[in-house]
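Protein chains: 2
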Amino acid sequence: MDDKNILLMIPGPVPVHPRIYLAMSRPIYGHRTKEFRELLEESIEMLKKICRTQNDMFIFSGSGTSAMDSAIANLVSKGDEVLNIMGGKFAERWGEITQTYGGKSIPVNVEWGTAVNPDDVIASLEANPNIKIITFTHNETSTGVLHPAEEIGKIAKEYDKLLLVDGITSVGGDYCETDKWGFDILVTGSQKCLGLPPGLGMIAVSQRAWEVIERRTDTPSYYLNLKKYKESSKKFDPPFTPALPLFYAAKEAFQLIVDEGYENRVKRHRLCAKATQEGMKQIGFELFANEKYASNTVSAVKYMDGLDDAAFRKTMLRHKVLIAGGQGKIKGKVFRVAHMNLCSEREVLLTLALIELTLKELGFDVKLGAGVAAAQKIF
Amino acid sequence: MDDKNILLMIPGPVPVHPRIYLAMSRPIYGHRTKEFRELLEESIEMLKKICRTQNDMFIFSGSGTSAMDSAIANLVSKGDEVLNIMGGKFAERWGEITQTYGGKSIPVNVEWGTAVNPDDVIASLEANPNIKIITFTHNETSTGVLHPAEEIGKIAKEYDKLLLVDGITSVGGDYCETDKWGFDILVTGSQKCLGLPPGLGMIAVSQRAWEVIERRTDTPSYYLNLKKYKESSKKFDPPFTPALPLFYAAKEAFQLIVDEGYENRVKRHRLCAKATQEGMKQIGFELFANEKYASNTVSAVKYMDGLDDAAFRKTMLRHKVLIAGGQGKIKGKVFRVAHMNLCSEREVLLTLALIELTLKELGFDVKLGAGVAAAQKIF
Numbered sequence: 096m097d098d099k100n101i102l103l104m105i106p107g108p109v110p111v112h113p114r115i116y117l118a119m120s121r122p123i124y125g126h127r128t129k130e131f132r133e134l135l136e137e138s139i140e141m142l143k144k145i146c147r148t149q150n151d152m153f154i155f156s157g158s159g160t161s162a163m164d165s166a167i168a169n170l171v172s173k174g175d176e177v178l179n180i181m182g183g184k185f186a187e188r189w190g191e192i193t194q195t196y197g198g199k200s201i202p203v204n205v206e207w208g209t210a211v212n213p214d215d216v217i218a219s220l221e222a223n224p225n226i227k228i229i230t231f232t233h234n235e236t237s238t239g240v241l242h243p244a245e246e247i248g249k250i251a252k253e254y255d256k257l258l259l260v261d262g263i264t265s266v267g268g269d270y271c272e273t274d275k276w277g278f279d280i281l282v283t284g285s286q287k288c289l290g291l292p293p294g295l296g297m298i299a300v301s302q303r304a305w306e307v308i309e310r311r312t313d314t315p316s317y318y319l320n321l322k323k324y325k326e327s328s329k330k331f332d333p334p335f336t337p338a339l340p341l342f343y344a345a346k347e348a349f350q351l352i353v354d355e356g357y358e359n360r361v362k363r364h365r366l367c368a369k370a371t372q373e374g375m376k377q378i379g380f381e382l383f384a385n386e387k388y389a390s391n392t393v394s395a396v397k398y399m400d401g402l403d404d405a406a407f408r409k410t411m412l413r414h415k416v417l418i419a420g421g422q423g424k425i426k427g428k429v430f431r432v433a434h435m436n437l438c439s440e441r442e443v444l445l446t447l448a449l450i451e452l453t454l455k456e457l458g459f460d461v462k463l464g465a466g467v468a469a470a471q472k473i474f
Numbered sequence: 096m097d098d099k100n101i102l103l104m105i106p107g108p109v110p111v112h113p114r115i116y117l118a119m120s121r122p123i124y125g126h127r128t129k130e131f132r133e134l135l136e137e138s139i140e141m142l143k144k145i146c147r148t149q150n151d152m153f154i155f156s157g158s159g160t161s162a163m164d165s166a167i168a169n170l171v172s173k174g175d176e177v178l179n180i181m182g183g184k185f186a187e188r189w190g191e192i193t194q195t196y197g198g199k200s201i202p203v204n205v206e207w208g209t210a211v212n213p214d215d216v217i218a219s220l221e222a223n224p225n226i227k228i229i230t231f232t233h234n235e236t237s238t239g240v241l242h243p244a245e246e247i248g249k250i251a252k253e254y255d256k257l258l259l260v261d262g263i264t265s266v267g268g269d270y271c272e273t274d275k276w277g278f279d280i281l282v283t284g285s286q287k288c289l290g291l292p293p294g295l296g297m298i299a300v301s302q303r304a305w306e307v308i309e310r311r312t313d314t315p316s317y318y319l320n321l322k323k324y325k326e327s328s329k330k331f332d333p334p335f336t337p338a339l340p341l342f343y344a345a346k347e348a349f350q351l352i353v354d355e356g357y358e359n360r361v362k363r364h365r366l367c368a369k370a371t372q373e374g375m376k377q378i379g380f381e382l383f384a385n386e387k388y389a390s391n392t393v394s395a396v397k398y399m400d401g402l403d404d405a406a407f408r409k410t411m412l413r414h415k416v417l418i419a420g421g422q423g424k425i426k427g428k429v430f431r432v433a434h435m436n437l438c439s440e441r442e443v444l445l446t447l448a449l450i451e452l453t454l455k456e457l458g459f460d461v462k463l464g465a466g467v468a469a470a471q472k473i474f
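As given, the protein sequences belong to chains A and B, one line each in that order.
Numbers 96 to 474, taken from the working numbering, label the letters of the first sequence in order.
Numbers 96 to 474, taken from the working numbering, label the letters of the second sequence in order.
Since the hints were derived computationally from the structure, they do not count as laboratory data.
Don't take each hint at face value.
Since the list can't tell identical chains apart, any single copy or any two copies may satisfy a pair.
[What the hints assert, rightly or not] Calculated lysine-lysine pairs in the DSSO-like style (CA-CA distance at most 27 Å, straight line):
#1 K330 - K409
#2 K325 - K143
#3 K143 - K322
#4 K144 - K376
#5 K415 - K129
#6 K143 - K330
#7 K369 - K428
#8 K369 - K144
#9 K426 - K330
#10 K415 - K426
#11 K173 - K199
#12 K322 - K199
#13 K184 - K330
#14 K199 - K415
#15 K330 - K428
#16 K376 - K362
#17 K173 - K227
#18 K325 - K173
#19 K409 - K129
#20 K346 - K99
#21 K330 - K415
#22 K322 - K455
#23 K322 - K173
#24 K173 - K323
The task is simple: from the sequences and hints, build the whole structure.
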């Protein structure tokens with residue numbers, strides 16, 4: 096199997112623009128230099144635009160999880176009550192990290208595949224007045240659900256709680272209004288809708304969050320300590336040696352995103368999502384996510400009776416397209432197709448066509464071309 | 096200034112072999128795949144050879160400091176007494192991280208530029224019987240000193256203390272016998288003598304260290320939690336999305352190192368160090384490090400009277416060679432020239448020749464060619 100010539104339709108890592116590969120492989124230069132500081136300053140400025148924020152932003156050499164870890168390590172003190180909005184593998188990760196740092200996790204349970212009901216959040220806040228922080232997963236990669244961020248932002252404001260948001264698979268692909276919706280922390284990662292290789296985590300920190308962070312004297316983190324990043328960011332001098340090739344890549348990727356424009360980019364992602372989802376339904380699949388809250392960056396699709404996860408994905412791979420299986424408790428029950436970053440009618444139509452072909456090869460009675468046609472109509 | 100055509104003679108990042116750039120920029124593929132697991136397994140196997148250990152090894156997507164942070168976060172509980180062997184900026188970092196996690200730092204002070212006296216370590220261990228852990232910087236990048244690791248290893252063993260070693264600028268360039276010298280933790284980083292771009296931190300964990308790590312239920316780290324890495328490493332399935340381009344690069348870099356051979360590689364680094372240091376002396380410089388303990392991977396050199404740090408390094412840069420200034424309390428007083436990774440007679444002779452030229456240009460009375468000749472004799 097030629098793993099250098101496979102179309103990635105998984106929810107990260109995503110295909111990377113050739114311009115980014117070129118930028119990434121430029122000769123390494125020192126990072127304690129004017130050249131690097133300028134690159135970092137320009138990159139952060141573009142990243143803030145992409146994340147719709149004027150808050151401080153930092154880039155970690157680490158995965159998206161490193162940024163989630165940093166958020167909790169810097170904000171949650173032992174015994175703090177934290178409301179974790181659940182509903183998927185990544186939402187649960189917020190809960191695990193909360194407990195890692197001795198926070199008391201108060202979950203708001205959400206059935207996987209559905210969106211959180213804002214009333215449940217309100218009820219939990221009313222029942223637990225000592226809650227300080229709310230964690231929220233904007234777009235749940237494991238279930239293909241886009242949760243109602245604006246509503247949650249309003250509730251957090253009304254109840255005066257810090258709101259920590261995982262925007263790892265929304266930023267750069269869907270609306271994600273960090274400042275307008277009142278996110279105190281936004282975290283994201285490089286290898287999703289930002290179109291970079293994996294290896295960078297990003298974080299935006301509000302003034303309200305800084306007040307908590309700066310009061311603390313016992314932050315249990317060195318590498319991901321936000322105070323260190325803030326201090327060194329004044330001169331755009333990173334506290335630790337950055338993963339330079341990925342920073343070279345980031346500037347190029349952010350430029351591509353800024354050039355496309357926020358509205359255009361969201362529109363394209365939403366169109367691809369719609370086409371993918373209509374195509375899937377026409378083929379005979381059922382979406383895993385409640386349609387009203389279906390994600391615009393990743394579609395989770397239920398397997399039809401008799402369709403084996405391994406056989407399906409292996410056949411797709413033989414056709415040189417990699418799609419993702421399910422995670423956690425829905426492993427084997429769903430597959431996931433991402434429509435992120437560069438994704439366009441080209442990738443969507445191709446994927447649907449190969450899914451139809453794969454089903455035929457596996458002995459399913461499928462009307463060839465029907466899913467493709469449904470998607471074509473959307474485009 | 097053309098920052099894509101500068102010879103890096105700084106102690107990291109180092110020039111990267113063209114084969115590594117090629118490997119790094121291959122098309123991204125998924126990491127939850129057989130192909131990636133195989134790559135990781137082969138890479139870890141080579142890394143263990145390079146680090147002279149049969150202990151478990153893991154690669155973090157993060158800087159060398161991320162690996163130091165992980166070591167302390169996973170091993171030091173609140174109130175634990177930790178002996179921090181000092182003597183440079185990176186040794187002090189061990190102390191800072193110790194305090195971050197509530198460890199009680201007991202420093203063994205070492206004059207910068209000299210090596211630690213093993214008797215001082217013994218005296219501190221005798222005076223503080225509750226010490227559990229010793230931190231040690233094998234090769235101090237800020238002072239150009241190679242500290243006596245084998246002796247410290249013997250002491251740690253005799254007193255039954257866990258020994259945490261920063262091998263960030265020794266591994267891959269000098270002798271670093273993790274198992275034979277009894278290191279419980281070895282940490283290293285990608286952008287020094289391993290010849291990779293920055294962005295990866297590596298850690299080796301002994302059985303004795305695991306016993307402490309596994310007993311703990313309150314490890315204050317999620318992203319750098321060693322238990323998570325151990326659990327997932329059974330199938331070479333990383334716990335979090337890895338920085339793929341750097342992992343592609345790592346396999347190629349490790350192969351280059353294994354192919355050259357441990358003894359050959361150390362010999363080459365030692366020859367380059369000797370030539371650099373003899374050349375510097377012949378030019379009229381004094382080494383900052385006590386010569387008996389001068390590092391084989393980085394030379395710290397004292398400025399002569401009247402030679403200005405900024406003017407010197409700026410002129411060198413105009414000649415397209417980047418060298419490093421001093422750090423911490425010796426900033427402005429020394430410069431540093433690394434001889435790491437690909438470094439050979441070519442880079443050493445060139446750097447000495449340009450240093451001579453630079454001195455001449457800055458109005459110093461220097462005998463042109465004398466330093467170069469001293470180095471040529473060594474080669």
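Okay, the hints, checked on the actual structure:
1. Taking identical chains as interchangeable, the C-alpha atoms of K330 and K409 lie at most 27 Å apart only when they sit on different chains, with a minimum of 20 Å there against 50 Å within one chain.
2. With identical chains, the CA atoms of K325 and K143 are at most 27 Å apart within one copy only, with a shortest distance of 15 Å there and 36 Å across copies.
3. Taking the shortest Cα distances, K143 and K322 sit within 27 Å of each other inside one copy (19 Å), while across copies they are farther apart (35 Å).
4. Proximity of K144 and K376 under a CA criterion of 27 Å is satisfied in neither setting, with 36 Å inside one chain copy and 53 Å between copies.
5. Proximity of K415 and K129 under a CA criterion of 27 Å is satisfied inter-copy only: 15 Å between copies versus 43 Å inside one chain copy.
6. For the homomeric pair K143 and K330, the shortest alpha-carbon distance inside one copy (17 Å) is at most 27 Å, but the shortest distance between copies (38 Å) is not.
7. Taking the closest pair of Cα atoms, K369 and K428 come within 27 Å of each other only inside a single copy of the chain (22 Å); across copies the shortest separation is 63 Å, beyond that limit.
8. In this assembly of identical chains, K369 and K144 lie within 27 Å of each other by CA distance solely inside one copy; the values are 26 Å within and 51 Å between copies.
9. In this assembly of identical chains, the alpha carbons of K426 and K330 lie at most 27 Å apart only when taken from different copies (18 Å versus 46 Å within one copy).
10. With identical chains, the CA atoms of K415 and K426 are at most 27 Å apart within one copy only, with a shortest distance of 22 Å there and 55 Å across copies.
11. For the homomeric pair K173 and K199, the shortest alpha-carbon distances inside one copy (8 Å) and between copies (20 Å) are both at most 27 Å.
12. Proximity of K322 and K199 under a CA criterion of 27 Å is satisfied in both settings, with 24 Å inside one chain copy and 22 Å between copies.
13. With identical chains, the CA atoms of K184 and K330 are at most 27 Å apart between copies only, with a shortest distance of 20 Å across copies and 37 Å within one.
14. Taking the shortest alpha-carbon separations for K199 and K415, neither the intra-copy value of 45 Å nor the inter-copy value of 56 Å comes in at or below 27 Å.
15. Taking identical chains as interchangeable, the C-alpha atoms of K330 and K428 lie at most 27 Å apart only when they sit on different chains, with a minimum of 23 Å there against 50 Å within one chain.
16. Taking CA atoms no more than 27 Å apart as the test, K376 paired with K362 passes inside one copy only; the shortest distance there is 21 Å, against 65 Å between copies.
17. In this assembly of identical chains, the alpha carbons of K173 and K227 lie at most 27 Å apart whether taken from the same copy (12 Å) or from different copies (25 Å).
18. With identical chains, the CA atoms of K325 and K173 are at most 27 Å apart both within one copy (23 Å) and between copies (26 Å).
19. For a Cα distance limit of 27 Å, the shortest separation of K409 from K129 across copies, 12 Å, qualifies, whereas the shortest one inside one copy, 49 Å, does not.
20. Proximity of K346 to K99 under the C-alpha cut-off of 27 Å is found in both arrangements, the shortest distances being 24 Å within a copy and 16 Å between copies.
21. In the homo-oligomer, the alpha carbons of K330 and K415 lie at most 27 Å apart only across protomers (24 Å), although the nearest pairing inside one protomer, at 46 Å, exceeds that limit.
22. When the C-alpha separation of K322 and K455 is checked against a cutoff of 27 Å, the pair qualifies neither within a copy, at 57 Å, nor between copies, at 44 Å.
23. Taking the shortest Cα distances, K322 and K173 sit within 27 Å of each other both inside one copy (19 Å) and across copies (21 Å).
24. Within a single copy, K173 and K323 get their C-alpha atoms as close as 21 Å, and across copies as close as 21 Å, so both meet the 27 Å cut-off.
Hint violations for this structure: numbers 4, 14 and 22, all remaining hints satisfied.
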